[in-house]
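Asker: Next come the chains, spelled out residue by residue.
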Amino acid sequence: ELKVEQNPLFLSMQEGKNYTIYCNYSTTSDRLYWYRQDPGKSLESLFVLLSNGAVKQEGRLMASLDTKARLSTLHITAAVHDLSATYFCAVAGGGADGLTFGKGTHLIIQP
Amino acid sequence: NAGVTQTPKFQVLKTGQSMTLQCAQDMNHNSMYWYRQDPGMGLRLIYYSASEGTTDKGEVPNGYNVSRLNKREFSLRLESAAPSQTSVYFCASSERQGGGTNEKLFFGSGTQLSVL
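Residue numbers (the numbering used here), protein chains in the order written: chain A, 200 to 310; chain B, 15 to 130.
Bear in mind the hints are in silico, worked out from the structure with no lab data behind them.
Note that the structure is predicted; figures quoted are calculated from it, not measured.
Pairs of lysine to aspartate or glutamate, EDC-like flavour, derived with a Cα cap of 20 Å:
#1 Lys23/B / Glu243/A
#2 Lys216/A / Asp281/A
#3 Lys118/B / Asp296/A
#4 Lys240/A / Asp52/B
#5 Lys71/B / Glu200/A
#6 Lys202/A / Glu73/B
#7 Lys302/A / Asp52/B
#8 Lys202/A / Asp52/B
For reference, chain A alone in the conformation it holds in the complex (with noise of 0.2 Å):
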């Protein structure tokens, strides 16, 4: 069973600093995506990572994904306010189709 661990589950950040989160998955997988939730809406689609070493960079934040170690990170430079919001991984595999997501991290990011 695809087990996929995302920590840590709170954080609350200052602006202007950096971060990182992380997502570890319990099985051979070399698809990961990462989604933002922001409250009462739905899944918006951040990155997605289709191989070992990929490396996506959207603004502040930049995902990469490690398959040997089952690994990926959500790395967030110089922190804004508008970046406050749920962040999911979501892994591929597992012997099912469709994704097995993490809990979500929720983010605040305070003035």
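Model the placement of chain B on the given structure of chain A, informed by the hints.
Answerer: Leaving out everything else, chain B in the frame of chain A:
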């Protein structure tokens, strides 16, 4: 281009009542999914349909049924609602690129369901 459309957005049911959540996508995607989201639990897969005419159970299928009516539509039915089914339900679809493995999901706006 509407993407994935879900109805209704909100619903309150009494225990034992039945209802169907509707989902339609206009992106010509083969695969469609129903997830539920509960606080602190992330999203959990209820059922999915890899193509028209096929459906399969996900992680938490008990108490639900689905129908893949055609390529566009995938409905979720609660036959006898229970308080444990209080949740936010998301429909999603994905594109399979020529046998490739990009399962990027496109989500609907969600249905907030309360069962009293």
